[in-house]
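Enquirer: Here the sequence shown is numbered in the numbering used here, starting from 1 and rising by one per residue.
Errors might be hidden in some of the hints.
With a cut-off of at most 25 angstroms between alpha-carbon atoms, the simulated BS3-like pairs for lysine-lysine come out as follows [as the list claims (entries may be wrong)]:
| id | residue 1 | residue 2 |
| --- | --- | --- |
| 1 | 210 | 73 |
| 2 | 114 | 73 |
| 3 | 114 | 210 |
| 4 | 73 | 187 |
| 5 | 186 | 114 |
Simulated DEER-style distance windows between Cβ atoms [what the hints assert, rightly or not]:
| id | residue 1 | residue 2 | range |
| --- | --- | --- | --- |
| 6 | 52 | 200 | 31 to 39 angstroms |
| 7 | 210 | 185 | 25 to 33 angstroms |
| 8 | 82 | 111 | 38 to 46 angstroms |
| 9 | 184 | 113 | 21 to 29 angstroms |
| 10 | 225 | 49 | 39 to 47 angstroms |
| 11 | 190 | 30 | 25 to 33 angstroms |
| 12 | 39 | 84 | 16 to 24 angstroms |
| 13 | 36 | 214 | 36 to 44 angstroms |
| 14 | 45 | 214 | 49 to 57 angstroms |
| 15 | 187 | 43 | 18 to 26 angstroms |
| 16 | 46 | 79 | 51 to 59 angstroms |
| 17 | 184 | 220 | 43 to 51 angstroms |
| 18 | 218 | 83 | 19 to 27 angstroms |
| 19 | 96 | 56 | 33 to 41 angstroms |
To be clear, the hints were calculated from the coordinates, so they are not data collected in a lab.
Where is the CB? At the ideal position from N, CA and C, for every residue including glycine.
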Amino acid sequence: MLTLLGFSNYWTGFSKAPLHWHLHGISATAWYIILIIQPWLYHHRPIQVHRKVGMLGIILAGFLTASAVGVIKGNLLQPEQSPLFDVRYSLSLLDFIFISGFLASVIAAVWNAKNTQVHARWMISTVFWVLSPATTRLSFIPLGMIYQPKEFSDFPFFWVDVLNWNQFLIFLIVTTLMILDYRKEKKIYFSYALVGIVQLLVIWLVSGLKDAPWLISTLNHLFDLG
């Protein structure tokens, strides 16, 4: 629900969105639907149904990852008039880290399919890898009601500040899940620990890097932007 609300501007402008947005938006929405229904299928339907939907989810995760790369490349090519033009490379690096973490979690979940608890937590962790782009945009809805966009001073870096607070909030949520697991099972799952640590690290990464020359050169080379 947070993701759908955060990207409400995409759904309201659906007919005007470019193809790579459609591929990403639809595949991401389908992924969340699968995450919601899979636990129910596991407990209320034959295990074969759960596995067949899981196979569909693996294919969908591939589409989501590929479409995310397309969105990242599109963000790097945004016009100079864009309010995020001055930080587009650091934000794109962030998106690249998140989608890489998402894909790694899916692979780890498949690898641990026979261990229900580990498998489930790797799957749940995929939500947190890709949550902050949605929650950051969602934060701007109440902020836009309080402040007019023209009143935002130095908007690109204001965006980064809001994003950093969202990263910290996600870290707190994941930490809470780890504490609950530890109290119940005396165990900390690596899937949660990994995503929680990265949420904190990227705060320093984006705030410190901004659009460093070496980062611009690296991403231009990686995405063949010349």
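Enquirer: Each of the hints needs a verdict: does it hold here or not?
Expert: For each hint, the structure was consulted:
For the hint pairing residue 210 with residue 73, the CA-to-CA distance comes to about 17 angstroms; that is within 25 angstroms, so the pair holds. With a C-alpha separation of about 37 angstroms, the suggested pairing of residue 114 with residue 73 is violated against the 25 angstroms cut-off. The straight-line distance between the Cα atoms of residue 114 and residue 210 is roughly 42 angstroms, outside the 25 angstroms bound, and the hint therefore fails. For the hint linking residue 73 to residue 187, the alpha-carbon distance of about 39 angstroms lies beyond 25 angstroms, and the restraint is violated.
In summary, the hint linking residue 186 to residue 114 is supported, as the alpha carbons are separated by about 21 angstroms, within the 25 angstroms threshold. At roughly 37 angstroms, the beta carbons of residue 52 and residue 200 sit within the given window of 31 to 39 angstroms. Between residue 210 and residue 185 the CB atoms are about 41 angstroms apart, so this pair departs from the stated range of 25 to 33 angstroms. Roughly 39 angstroms separates the CB atoms of residue 82 and residue 111, a value that falls within the hinted 38 to 46 angstroms.
Our hint of 21 to 29 angstroms for residue 184 and residue 113 holds, since their Cβ atoms are close to 22 angstroms apart. In this structure, residue 225 and residue 49 meet the distance hint of 39 to 47 angstroms, their C-beta atoms being roughly 44 angstroms apart. The given range of 25 to 33 angstroms is respected by residue 190 and residue 30, whose C-beta atoms sit roughly 27 angstroms from each other. Remark: the range hint 16 to 24 angstroms for residue 39 to residue 84 is contradicted by a beta-carbon distance near 36 angstroms.
For the hinted restraint 36 to 44 angstroms between residue 36 and residue 214, the CB-CB distance of approximately 41 angstroms keeps it satisfied. The supplied range of 49 to 57 angstroms is met by residue 45 and residue 214, whose beta-carbon atoms lie about 51 angstroms from each other. Range check, residue 187 to residue 43: about 22 angstroms between beta-carbon atoms, so the 18 to 26 angstroms window is met. Take residue 46 and residue 79: their Cβ atoms lie about 52 angstroms apart, and the range 51 to 59 angstroms holds.
Take residue 184 and residue 220: their Cβ atoms lie about 48 angstroms apart, and the range 43 to 51 angstroms holds. A C-beta distance of roughly 24 angstroms is found between residue 218 and residue 83, which places it inside the suggested range of 19 to 27 angstroms. As the Cβ distance of residue 96 to residue 56 is approximately 25 angstroms, the hint placing it in 33 to 41 angstroms is violated.
Comparing the model with each earlier hint shows violations of hints 2, 3, 4, 7, 12, 19; every other hint is respected.
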